[in-house]
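Visitor: Sequence:
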Amino acid sequence: MNRIIYIYRLLTPECIRDLIYNRREEKRKKKIDVHNIQNEIYNYLKSINSSDPEILEIEKFLLNYPLNTFPLIIKSNKKIEVKNGKGMYYVDFKNKKLFFPKGTSKKTIIRYCNGIFEEQDPSSPHSYLSEEFNINENSIIADIGAAEGNFSLSIIDKVKKVYIFEADNVWTKALKKTFEPWQDKVEFVFAKVSNKNEKGYISLDEFFKDKPFPNFLKLDVEGSENCVLKGAENIINQDNIQVAICTYHKYEDEKNFKTFFENKGYKTQFSNSYMIMYENGEDFKKPYIRRGVLRAEKSKIN
397 MNRIIYIYRL LTPECIRDLI YNRREEKRKK KIDVHNIQNE IYNYLKSINS SDPEILEIEK
457 FLLNYPLNTF PLIIKSNKKI EVKNGKGMYY VDFKNKKLFF PKGTSKKTII RYCNGIFEEQ
517 DPSSPHSYLS EEFNINENSI IADIGAAEGN FSLSIIDKVK KVYIFEADNV WTKALKKTFE
577 PWQDKVEFVF AKVSNKNEKG YISLDEFFKD KPFPNFLKLD VEGSENCVLK GAENIINQDN
637 IQVAICTYHK YEDEKNFKTF FENKGYKTQF SNSYMIMYEN GEDFKKPYIR RGVLRAEKSK
697 IN
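Residue numbering for the sequence shown follows the numbering used here, starting at 397 and increasing by one per position.
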C-alpha cells in the first residue's frame, strides 16, 4: 500500500491531488453529523456532573465553538513558507529544516504543519513533554512512530542519541534528509516495532540487546502501543527511564497503560486536558473524550 501511495504522489500533479483530497474531505465530513455529535457529547458531559475543571472547560467550549479534536487549543494559522530543497520540499521548524516526501504538495505540507503546531502546543493533550517531564543531555531517545520526525527534530540538540523507528517507508528519504546534519547521533530503524522479530518487525528488547538501553521512549503507533510494550520488557523494567505513550488510539488505553506502569513502580501523569474523538467510527463511545499522552517515569530506588 505504501508503494502505491508513493507512485501516486510521483505521477499525479499537485493540483489534481489537492482536488481529490478536498473532494474526499467534503464527502467524509458530510457523513459525520457534527452538530448532533457535538450535542451528544455536551449532554453526556453535563449528565455526569463532573467537578473536573478540565471537563468543565470542554463543556464551555462545546457551547461556544465548533467541534475540534483539540478543544482548548487555538487553531494554528502560522505563515508557513514551503521551500524547495533539491527535489524535496521542506519547512523551517524550530530553526531546522523539516523535509517531506518527494511529490507532497505545498498545500498538503501547510495543512500538515498547522496540525503539528496544534498537536505539539505545550498545552495540548498530545504534547509529549512538560517542564517537569523533560529530556536532558544524557537522554537516549527511542522515537517509536516518528512519521516526519518533528519530535526528534525538536530535541536533537539537547540529547545524547536518537533512534528513529518508522515503519512507513514513505518517510524514509525525507527523514534521512531532515537528520543529515546529525548523522553522528541519529540511527534509523525502518521496521514496525512490535513484540515479534521477523521480516518487517522488530522488538525493542531484540534491537537494543547489544546496545545501551534508551532511557526515554516516545510511543505513537496508531493503537499498537501495547504490542511495543510487550516487546520491551527488559527496557521498561530498568530504572531511570521515562515513557511518553499515546493513550487516545483505543478506548481502554488510558486506564490500562496507567495501571501497567504504576504496577511497575512508575510515577504517572497525563498531559493537559482531553481530546475529543468524534471521528473514530465504531470506537466513538462514551465518555467521548480521551487523555492524549501518559507520561510515566521511574527513578532508581536507593
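Among the hints, erroneous ones may be present.
Below, computed lysine-lysine pairings styled on DSSO-like, alpha-carbon distance capped at 27 angstroms [unchecked claim]: (1) 482 to 572; (2) 595 to 490; (3) 492 to 556; (4) 682 to 694; (5) 607 to 651; (6) 682 to 651; (7) 471 to 482; (8) 581 to 490; (9) 572 to 588; (10) 607 to 557; (11) 503 to 569; (12) 475 to 572; (13) 492 to 581; (14) 595 to 607; (15) 681 to 694; (16) 694 to 581; (17) 681 to 651; (18) 556 to 588; (19) 592 to 493; (20) 482 to 456; (21) 474 to 556; (22) 474 to 490.
Between beta-carbon pairs, the in silico distance windows are [claimed, not checked]: (23) 480 to 661: 25 to 31 angstroms; (24) 510 to 565: 44 to 50 angstroms; (25) 477 to 436: 38 to 44 angstroms; (26) 606 to 435: 54 to 60 angstroms.
It is worth saying that the hints were derived from the structure and are not from the lab.
From the three backbone atoms N, C-alpha and C, an ideal C-beta is built for every residue, glycine too.
Visitor: All hints, please: hold or fail.
Guide: Here's how the hints hold up against the structure:
1. With a C-alpha separation of about 14 angstroms, the suggested pairing of residue 482 with residue 572 holds against the 27 angstroms cut-off.
2. The hinted pair formed by residue 595 and residue 490 fails the criterion: a straight-line CA distance of about 36 angstroms is larger than 27 angstroms.
3. Between residue 492 and residue 556 the alpha-carbon distance is near 18 angstroms, which keeps this suggested pair within the 27 angstroms criterion.
4. Between the alpha carbons of residue 682 and residue 694 the distance comes to roughly 32 angstroms, so the proposed pair goes past 27 angstroms and is violated.
5. For the given pair, residue 607 sits about 32 angstroms from residue 651 by alpha-carbon distance, which is inconsistent with the 27 angstroms threshold.
6. For the proposed pair residue 682 and residue 651, the alpha carbon gap of about 14 angstroms is at most 27 angstroms, so the pair holds.
7. Proximity of residue 471 to residue 482 is assessed by CA-CA distance (about 31 angstroms); at most 27 angstroms being required, the pair is judged violated.
8. Using a Cα cut-off of 27 angstroms, the hinted pair residue 581 and residue 490 holds, with the two alpha carbons roughly 19 angstroms apart.
9. Taking the CA atoms of residue 572 and residue 588, the gap is near 17 angstroms; set against the 27 angstroms cutoff, the hint holds.
10. Proximity of residue 607 to residue 557 is assessed by CA-CA distance (about 12 angstroms); at most 27 angstroms being required, the pair is judged to hold.
11. The hinted pair formed by residue 503 and residue 569 meets the criterion: a straight-line CA distance of about 20 angstroms does not exceed 27 angstroms.
12. Pair hint residue 475 plus residue 572 holds up; C-alpha atoms about 26 angstroms apart against a cutoff of 27 angstroms.
13. With a C-alpha separation of about 16 angstroms, the suggested pairing of residue 492 with residue 581 holds against the 27 angstroms cut-off.
14. A C-alpha spacing of about 21 angstroms is found between residue 595 and residue 607, which places the hinted pair at or below 27 angstroms, so the restraint holds.
15. Proximity of residue 681 to residue 694 is assessed by CA-CA distance (about 33 angstroms); at most 27 angstroms being required, the pair is judged violated.
16. For a cut-off of 27 angstroms, the pair hint linking residue 694 to residue 581 stands: about 25 angstroms separates their Cα positions.
17. For the hint pairing residue 681 with residue 651, the CA-to-CA distance comes to about 15 angstroms; that is within 27 angstroms, so the pair holds.
18. Note on residue 556 and residue 588: the hinted pairing holds, with a Cα-Cα distance of about 24 angstroms set against a maximum of 27 angstroms.
19. Between residue 592 and residue 493, the direct Cα distance comes to roughly 34 angstroms. Violation of the 27 angstroms bound is thereby established for this hinted pair.
20. Only pairs whose Cα atoms come within 27 angstroms are accepted, and residue 482 paired with residue 456 is rejected, the gap being roughly 48 angstroms.
21. A distance of roughly 31 angstroms separates the Cα atoms of residue 474 and residue 556; the hinted pair therefore is violated under the 27 angstroms criterion.
22. Our distance criterion of 27 angstroms between C-alpha atoms is met by residue 474 and residue 490, whose separation comes to about 13 angstroms.
23. One distance hint, 25 to 31 angstroms for the beta-carbon pair residue 480 and residue 661, is violated here, with the actual separation near 50 angstroms.
24. In this structure the supplied range 44 to 50 angstroms is violated for residue 510 paired with residue 565, their Cβ-Cβ distance being about 25 angstroms.
25. The hint said 38 to 44 angstroms for the Cβ distance between residue 477 and residue 436, and at roughly 40 angstroms that hint holds.
26. Range check, residue 606 to residue 435: about 56 angstroms between beta-carbon atoms, so the 54 to 60 angstroms window is met.
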